[in-house]
Amino acid sequence: MAQTERVIEMKGITKRFGEFKANDNINLNVEKGEIHALLGENGAGKSTLMNILSGLLEPTSGEIYVNGKKAKIDSPEKANQLGIGMVHQHFMLVDKFTVAENIMLGKEKHNYGFMDDEGAEKDVKDLSDRYGLTVDPSARIEDISVGMQQRAEILKTLFRGADILIFDEPTGVLTPQEIDELMDIMKKLTDEGKSIILITHKLDEIKKVADRCTVIRRGQSIDTVNVKNTSQQELADMMVGRSVSFKVDKIASVPQGPVLEIKNLTVKESRGLEAVKNIDLEVKAGEVLGIAGIDGNGQSELIQAITGLTKAESGTIKLDGKDITGEKPREVTETGLGHIPEDRHRHGLVLPMKLEENMTLQQYYQKPFSKNGLLNHGKIKEFAKKLIEEFDVRTQSEESTAASLSGGNQQKAIIAREISRNPALLIAAQPTRGLDVGAIEYIHKRLIEQRDNGKAVLLMSYELDEVMNVSDRIAVMYDGKIVAIVRADETSENELGLLMAGVSLEKAKKELAGKDIKAGTAGAAGAAGNAENDGKERATVANDETE
Amino acid sequence: MLTTKQSRLSALLIPILSVLLGFIFGALLMLLFGYNPIDAYQAMLMGVFNSPYFIGEAIRQATVLTFTGLGFAIAFKAGFFNIGIAGQLLVGWVAAIWVALSFPDLPRIILLTISIGAAIVAGAVWAGIAGTLRAYFGTSEVIVTIMLNYTALHLTNYIIRSVLTTGNTTDMVSENASLSVGWLTTLTQGSRINMGLFIAIIVVFLYWLFMTQTTAGFEVRAVGLNPDASTYAGMSAKRNIILSMLISGGLAGLGGAIHGLGTFGNLFTQSGLPSLGFNGIAVALLGLGNPVGIFFSSILFGVLDVGAGFMPNRAGVPDEMADIVIAAIIFFVGANYVIRLVLDKMKSNKTAEKGGE
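Residue numbers (UniProt numbering), protein chains in the order written: chain A, 1 to 547; chain B, 1 to 357.
It should be emphasised that the hints constitute simulated quantities derived from the structure, not laboratory data.
Treat the hints loosely; a few may be bogus.
Simulated restraints, written as ranges between beta carbons of each label pair [as the list claims (entries may be wrong)]: (1) Thr139(B) / Asp129(A): 43 to 53 Å; (2) Phe33(B) / Asn25(A): 54 to 64 Å; (3) Asn25(A) / Val342(B): 30 to 40 Å; (4) Gly18(A) / Phe264(B): 45 to 55 Å; (5) Phe20(A) / Phe49(B): 41 to 51 Å; (6) Phe264(B) / Asn372(A): 53 to 63 Å; (7) Leu288(B) / Lys371(A): 28 to 38 Å; (8) Leu206(B) / Asn25(A): 44 to 54 Å; (9) Arg330(A) / Ala335(B): 38 to 48 Å; (10) Asn25(A) / Ala335(B): 39 to 49 Å.
Think about it this way: if two alpha-carbon atoms lie no more than 20 Å apart in a straight line, the pair counts; the simulated SDA-like pairs of lysine to any residue are [said to hold, decoys possible]: (11) Lys354(A) / Phe210(B); (12) Lys238(B) / Tyr365(A); (13) Lys354(A) / Thr214(B); (14) Lys238(B) / Pro176(A); (15) Lys354(A) / Asp228(B); (16) Lys381(A) / Thr214(B); (17) Lys328(A) / Ala135(B); (18) Lys354(A) / Trp208(B); (19) Lys371(A) / Trp208(B); (20) Lys371(A) / Phe210(B); (21) Lys187(A) / Pro176(A); (22) Lys371(A) / Leu206(B); (23) Lys238(B) / Arg330(A).
For glycine and all other residues, C-beta sits at the position ideal for the given N, C-alpha and C.
Could you build the full structure based on these sequences and the hints that come with them?
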């Protein structure tokens, strides 16, 4: 048997928080030079396990071996010394500093106390050349793209001598092209002898880069599998613990009268530029209208104008027959709007407050939750309990803070609150961002349910899959305008991709007719499994398309 | 996750440890400079607790601190740092005395009501300026309230010298504007303790009622914790900024009325801002924003304040040293974050050891 070198061995790791076991006897082995995926739902215990490995938490019981030697990792510095480095999901970078300064942070290069900028930049350059991580060492973090910032973060851990890199949900903030580049970088790192632990719940990424995968469910390690011999469906089922469907089950929609009518709407963004340009849009009762588009093409501003968070520059918005242009959020909500906001931490919840208080965040002033300005805590609690039960929000109690819930359960709590008011129009902005397949499936089902109950649903998402699966009609936004409205069952991912890049519907259809053969070739190359070729091939197709 | 009982216990542990550490640090300082800390602390505590008069004085001081502490706390809960409590207290003091001097012959109940009412309005307006500027123009309330502190100080001195009198001290207010309560005064052998104590207890209850039981209090808390989510949920952040600053200043003004009518019965020119305003911040932080906690930490500060006066005569510790010791205690109260950090670290080590067995 070929002896492979184990760089990390975690044995029987248990971590308790009071009564709650976040990790329950977890085993994890990482071999030298492999990409080892750690797959699990939100709140399954992946982060806890990695925080233990990187010295932020201490396990209640269990042993850790690094390079075959038993190790006690009681601080991040200790993890550093052992060659364990973490590439955080939220980058730990100083915006105003340059890439080189950030990488050197804490280990600055100096001559007799004076900063040696040139030397530092040269060191960074050498390091980035070695691993193919192209960065501009003298650029400021605030001026470079998110993908570039991530490279700086990776270089930072490499500079500190990391041999084992932990990537915590690294692709959440990246564009598709940046994701491909990151995958290449990860492969290159393992070629150089580094080992990688990839925390994710995105199955396609695991299939693309990982060698082995350990699945964690409810704090327990379920299995470690070879990625090559395991299908996405099998991985998903293992993660969730039951059979999951990727396709959204739905019957044909029966649209009725219009619920949301937008005419000639123009909205300016915070800097005073027009973000939404003279839009007409209609959402009918009993349909899901999806809004597709690349981030930053006016989708957020459109939603803010409907919800009353931003004033419209001109045009009218009618909800359920009532003109709500210029109304405040409360009036709009009372007219019949439910809103699952894009940023659930910033707009959706007051994290330090109790779950029951969050559940009544829009209704606390109404009966039966209060009377003559005095709150009725009993009724609030009763209501929260009912929603927790009905929407299967996993929490210790209705008195737990919203912050103590996992991301998926926080989102469920928001959806419970918004749907419980039975609004004529439900706006769902990026409702499944950062969630695992189980939660996504659930949320999609709920959205379709709203539709089937004769309500209107406006779904905004940057994920094409989501828009295509859930919507009945899709409006594509580009540069503040709606370039086309297509039927979800008549369009294709390629067509939407072209529309999102600003190509007109007519032109897109024409172009796609001539591209069928070429796209087929690219698909075949992908199936052959040569990742490098695959990436290049797809890059050329993308170039052709945008021309 | 901690159970509520455990977390409540550890919540109490932090302020108690802060105070203890403050005392220990103060003792080390005194040792360093060759004074006997045991004598000094004994002088402080015995001085207060051996005499009904000084117990009364400590409670009187605590009464005013309760108002300034609650005033700071409500703005803090709404997400603001109202550093202008001292100035708001001062304008409340001026308003109360001014009204009391203007209508000396009104019946006591009416005169007290309008004097105290005027003080509350004055404090609220003073803080409301900062709140309005913050709500509509985004101006930092810290800077505005600091500046308004000095404006209040000099305005007060101007009013005393040029409007109310020509000297540095106003006349005493009439009997009808006095807050003194006969049996309390007798009980404490003539101390200046007054009905402010009862008002403070009522206000502590009202504060609790407002914050936990009313929709307005719910809004103030929600806006303080997450203004974006609150706005999205239909609350008006502007309205709540101004409302919480008005209440904050109103409470400080009320403290000013109790201090003016109860402690002194007149108004005199000030060389600096009253420390009662700033100590209210420490009181609020020590009380962890809980109204009952604020009441008890006010009493502690009242005892420290009055007791420090005994350290020079009875233990030979100079005034300045006594002030430094008090300041050290306040410092540790403010630094309770550090104590929390150490406690957390100890706890996690303990669980790790237990698991290892």
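Each hint tested on the structure:
1. Thr139(B) / Asp129(A): 43 to 53 Å: 50 Å, holds
2. Phe33(B) / Asn25(A): 54 to 64 Å: 58 Å, holds
3. Asn25(A) / Val342(B): 30 to 40 Å: Because 31 Å falls inside the window, the suggested range holds.
4. Gly18(A) / Phe264(B): 45 to 55 Å: Holds, at about 52 Å.
5. Phe20(A) / Phe49(B): 41 to 51 Å: 46 Å, holds
6. Phe264(B) / Asn372(A): 53 to 63 Å: The hinted range 53 to 63 Å is violated for phenylalanine 264(B) and asparagine 372(A), with Cβ atoms some 40 Å apart.
7. Leu288(B) / Lys371(A): 28 to 38 Å: 30 Å, holds
8. Leu206(B) / Asn25(A): 44 to 54 Å: At roughly 53 Å between Cβ atoms, asparagine 25(A) and leucine 206(B) fall inside 44 to 54 Å, so the hint holds.
9. Arg330(A) / Ala335(B): 38 to 48 Å: 41 Å, holds
10. Asn25(A) / Ala335(B): 39 to 49 Å: Hint holds: Cβ distance 40 Å, inside 39 to 49 Å.
11. Lys354(A) / Phe210(B): 18 Å, holds
12. Lys238(B) / Tyr365(A): This hinted pair holds, its Cα atoms lying about 18 Å apart.
13. Lys354(A) / Thr214(B): 16 Å, holds
14. Lys238(B) / Pro176(A): At roughly 41 Å apart (the allowed maximum being 20 Å), proline 176(A) and lysine 238(B) break the hint.
15. Lys354(A) / Asp228(B): 17 Å, holds
16. Lys381(A) / Thr214(B): 15 Å, holds
17. Lys328(A) / Ala135(B): Given pair lysine 328(A), alanine 135(B) holds - Cα atoms ~17 Å apart, limit 20 Å.
18. Lys354(A) / Trp208(B): 17 Å, holds
19. Lys371(A) / Trp208(B): Holds - the C-alpha atoms of tryptophan 208(B) and lysine 371(A) are around 18 Å apart, at most 20 Å.
20. Lys371(A) / Phe210(B): 14 Å, holds
21. Lys187(A) / Pro176(A): Roughly 17 Å between the alpha carbons, so the hint for lysine 187(A) and proline 176(A) holds.
22. Lys371(A) / Leu206(B): Distance of about 18 Å is within 20 Å: holds.
23. Lys238(B) / Arg330(A): OK: lysine 238(B) and arginine 330(A) at ~14 Å, within 20 Å.
Figure legend: structure checked against the earlier numbered hints; hints not met, in rising order: 6 and 14.
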